[in-house]
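Undergrad: Take a look at the letters that make up each chain.
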Amino acid sequence: MTALLELEDVVASYGPVKALHGVSLSVEEGSIVAVLGANGAGKTTTLRAISHTVRTGGRISFAGRSLSGKSAESIAALGIAHVPEGRGLFPELTIVDNLRLGAYVRRGSIKTDLDRVYEYFPWMGRRRHELAGSLSGGEQQMLALAKAFMQQPRLLLLDEPSLGLAPIIVSEIFGIVRELNHEGMTVLVVEQNAHIALQVAGMAYVLEVGTVALHGPSEELQRHESVRRSYLGY
Amino acid sequence: MSVYELFGRLGIRDTGARRISTGVSVPVLALLLGAAIFLLIGSLSSDLFAELTIKGIAQGSVYGSLALALVLIYRATGVINFAQGEMAMATTYIAYELMLWGLSYWAAFFATLGIAFALGVATQQLVIRPVQHRSVVAVVIVTIGLFSLIDGIVIWIWNADPKFMPAPFSGAVYTVGGVTVSRTDLGTIAVALGSVLVLWLFFRFTKLGLAMRASALRPAAARLVGVRVNWMLALGWGFAAALGAVAGLMTEATVFTLSPSMMEPVLIYAFAAAVLGGLESPVGAVVSGVALGIFLNLLGQYGGYLKDSALSLPIAFFVLLIVLLVKPTGLFGRAAVRKV
Numbered sequence: 000m001t002a003l004l005e006l007e008d009v010v011a012s013y014g015p016v017k018a019l020h021g022v023s024l025s026v027e028e029g030s031i032v033a034v035l036g037a038n039g040a041g042k043t044t045t046l047r048a049i050s051h052t053v054r055t056g057g058r059i060s061f062a063g064r065s066l067s068g069k070s071a072e073s074i075a076a077l078g079i080a081h082v083p084e085g086r087g088l089f090p091e092l093t094i095v096d097n098l099r100l101g102a103y104v105r106r107g108s109i110k111t112d113l114d115r116v117y118e119y120f121p122w123m124g125r126r127r128h129e130l131a132g133s134l135s136g137g138e139q140q141m142l143a144l145a146k147a148f149m150q151q152p153r154l155l156l157l158d159e160p161s162l163g164l165a166p167i168i169v170s171e172i173f174g175i176v177r178e179l180n181h182e183g184m185t186v187l188v189v190e191q192n193a194h195i196a197l198q199v200a201g202m203a204y205v206l207e208v209g210t211v212a213l214h215g216p217s218e219e220l221q222r223h224e225s226v227r228r229s230y231l232g233y
Numbered sequence: 000m001s002v003y004e005l006f007g008r009l010g011i012r013d014t015g016a017r018r019i020s021t022g023v024s025v026p027v028l029a030l031l032l033g034a035a036i037f038l039l040i041g042s043l044s045s046d047l048f049a050e051l052t053i054k055g056i057a058q059g060s061v062y063g064s065l066a067l068a069l070v071l072i073y074r075a076t077g078v079i080n081f082a083q084g085e086m087a088m089a090t091t092y093i094a095y096e097l098m099l100w101g102l103s104y105w106a107a108f109f110a111t112l113g114i115a116f117a118l119g120v121a122t123q124q125l126v127i128r129p130v131q132h133r134s135v136v137a138v139v140i141v142t143i144g145l146f147s148l149i150d151g152i153v154i155w156i157w158n159a160d161p162k163f164m165p166a167p168f169s170g171a172v173y174t175v176g177g178v179t180v181s182r183t184d185l186g187t188i189a190v191a192l193g194s195v196l197v198l199w200l201f202f203r204f205t206k207l208g209l210a211m212r213a214s215a216l217r218p219a220a221a222r223l224v225g226v227r228v229n230w231m232l233a234l235g236w237g238f239a240a241a242l243g244a245v246a247g248l249m250t251e252a253t254v255f256t257l258s259p260s261m262m263e264p265v266l267i268y269a270f271a272a273a274v275l276g277g278l279e280s281p282v283g284a285v286v287s288g289v290a291l292g293i294f295l296n297l298l299g300q301y302g303g304y305l306k307d308s309a310l311s312l313p314i315a316f317f318v319l320l321i322v323l324l325v326k327p328t329g330l331f332g333r334a335a336v337r338k339v
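Keeping their order, the protein sequence lines are chains A and B.
Just so we're aligned, residue 0 is where the first sequence starts under numbering that gives the first Met the number 0, counting upward by one.
Just so we're aligned, residue 0 is where the second sequence starts under numbering that gives the first Met the number 0, counting upward by one.
Worth double-checking, as some hints may not be accurate.
Selected chain B positions facing chain A (Cβ under 10 Å, derived; list incomplete) [claimed, not checked]:
1) ARG128
2) PRO129
3) ARG133
4) VAL136
5) ALA137
6) PHE163
7) ARG182
8) LEU185
9) ALA213
10) LEU216
11) ALA233
So the derived list for chain A, only partly shown, Cβ under 8 Å to chain B, looks like this [what the hints assert, rightly or not]:
12) GLU27
13) GLU28
14) VAL95
15) GLY107
Hints in this document: simulated from the structure, not taken from any laboratory.
Every residue gets a Cβ at the ideal spot worked out from N, C-alpha and C, and that includes glycine.
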């Protein structure tokens with residue numbers, strides 16, 4: 000067991016406002032790790048720190064290499080896909096163009112993977128010349144995952160995939176996340192919906208005001224008194 | 000292929016609640032079709048009408064290509080590049096200089112496109128990029144500064160006297176039926192619309208073209224998939240400058256004189272065409288440019304009291320005003336939905 004991603008004392012700020020006050024976490028290769036927490040706890044910022052889309056300090060290493068000094072553009076090429084808040088799609092472009100952009104950092108033919116996406120989501124194949132912006136929320140989230148799959152990353156950063164979706168769609172989305180994980184993709188997912196996140200993830204971290212308050216295997220956290228009260232609601 | 004899919008490929012979409020309409024709306028399509036039928040009937044019934052229409056297409060294709068250059072930069076940088084005409088003029092002087100050094104017209108033409116591309120990229124990197132994140136007004140002021148800077152440099156190097164360069168097309172004319180068409184007009188149409196077509200193919204079918212579109216539309220999302228957005232925006236300026244060079248060279252070929260102010264009227268018409276087309280729509284810019292060229296040419300002959308050439312500019316803007324009152328987003332524009 001080696002850590003694919005390691006954060007040590009990571010701080011981040013938006014202008015003068017500090018959002019992370021020293022977050023440390025590690026993600027094992029091949030695992031699904033969840034980050035839980037209330038609004039403003041720093042969940043989204045943690046992902047943005049990893050993909051370098053926010054001003055960041057501290058040590059972040061990926062596959063044994065430090066990520067410091069890298070530009071946001073070069074992170075994707077290292078094998079990290081980030082599905083951000085708002086899904087990071089190109090609504091004005093077609094489904095197939097979104098998928099092609101997902102594979103932007105890859106060289107060589109992407110035909111096989113494109114066919115696999117269409118096989119898994121037949122509707123995407125049928126409607127590939129429709130605009131991504133015309134899709135429903137659930138469809139957009141599926142397209143965001145398919146676009147990340149096209150990148151063939153080692154690590155997938157997922158920001159609140161359940162946001163604004165009906166419960167049945169949420170379980171479908173997490174089913175796809177599991178599927179991607181079986182394919183060997185390591186997943187770090189940020190979620191408000193602690194129920195489903197703890198079901199899918201092996202390990203979880205709880206953030207409170209920019210630091211890690213608690214972490215451990217999901218089963219343990221599910222039994223934990225304060226997690227139950229604050230995040231699971233029973 | 001279903002009709003719906005075909006429409007989707009052509010960029011024509013219904014305006015149902017869940018769709019973002021980008022392409023042509025049905026009334027606009029009907030208007031264009033009506034105009035095309037009108038031109039066809041007119042051309043079949045009068046040779047003069049046909050000749051004026053073809054001449055109008057030639058002029059309009061130059062307006063259209065410069066308008067497309069404006070749209071490319073508007074999409075990449077979010078401002079109207081007031082220096083677009085002067086950039087085109089300056090690159091035409093470069094072609095002139097290359098021909099003085101002994102290059103043939105077409106060798107100089109393609110060399111100039113390359114030089115224009117490099118200058119466009121350099122302009123974005125050195126002058127625009129540093130101020131791009133300040134405000135739109137700052138960038139606009141910089142493009143106005145570029146306007147006078149380029150003007151000054153050109154006059155300093157080549158002085159303001161009119162210059163003459165070899166003609167790209169022979170003076171031959173062709174007569175089909177009773178309609179006489181000059182080789183210059185046909186050549187201008189071929190070169191200007193050909194450049195537009197090449198650019199369209201590039202944006203539509205290449206990975207780099209897709210990355211450039213993505214960078215202009217959603218820079219943050221483009222960065223996340225690994226696109227070097229700043230570089231893509233610079234390439235956008237490069238393509239716009241090269242397209243401007245085509246417009247400049249074709250303008251020179253029609254007016255036969257090279258002078259520092261030669262692109263000023265063309266730029267004004269290109270502005271009108273770009274806005275008429277919806278400012279963000281490449282197809283709209285080109286179609287509007289061609290339409291404007293035809294309209295002004297026909298007006299000059301059949302306009303009655305309005306055919307005085309001094310009135311063509313005000314009339315062009317009057318039409319623009321009417322269109323914007325009826326359809327504020329331009330003929331091909333979509334309602335801008337911007338998150339604040």
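Undergrad: Look at each hint and say if it fits the structure.
TA: Tested hints:
1. The criterion of a C-beta within 10 Å of any C-beta in chain A is not met by ARG128/B, whose closest approach is roughly 15 Å, and the hint is violated.
2. Proximity of PRO129/B to chain A is violated relative to the hint, the smallest CB-CB distance being about 18 Å (cut-off 10 Å).
3. About 16 Å separates the beta-carbon of ARG133/B from the nearest beta-carbon of chain A, more than 10 Å, and the hint is not met.
4. With a cut of 10 Å, the hint placing VAL136/B at the interface with chain A is violated, because the nearest CB-to-CB distance is about 22 Å.
5. Here the hint on ALA137/B is broken, as its CB sits about 20 Å from the closest CB of chain A, past 10 Å.
6. Evaluation of the PHE163/B hint against chain A yields a violated restraint, the C-beta minimum of about 46 Å exceeding 10 Å.
7. With 10 Å as the threshold, the beta carbon of ARG182/B stays out of range of chain A, its nearest partner Cβ sitting at about 40 Å, so the hint is violated.
8. Because the smallest distance between the Cβ of LEU185/B and any Cβ of chain A comes to about 35 Å, over 10 Å, the interface hint for this residue is violated.
9. For ALA213/B, the interface hint holds, since its Cβ comes within 10 Å of a Cβ in chain A; the closest pair sits about 5 Å apart.
10. Taking 10 Å as the C-beta contact cut-off toward chain A, the hint placing LEU216/B at the interface holds, the least distance being around 5 Å.
11. About 14 Å separates the beta-carbon of ALA233/B from the nearest beta-carbon of chain A, more than 10 Å, and the hint is not met.
12. At a threshold of 8 Å, the smallest CB-CB gap from GLU27/A to chain B is about 24 Å, leaving the interface hint violated.
13. Annotation: interface hint on GLU28/A violated; nearest CB of chain B at approximately 21 Å, more than 8 Å.
14. Contact between VAL95/A and chain B, as hinted, is not supported at the beta carbon level, the nearest pair being about 10 Å apart and thus beyond 8 Å.
15. Interface hint status for GLY107/A: violated, as the beta-carbon distance to the closest one in chain B is roughly 12 Å, over 8 Å.
Hints 1, 2, 3, 4, 5, 6, 7, 8, 11, 12, 13, 14 and 15 from the list above are not met by this structure, while the remaining hints are.
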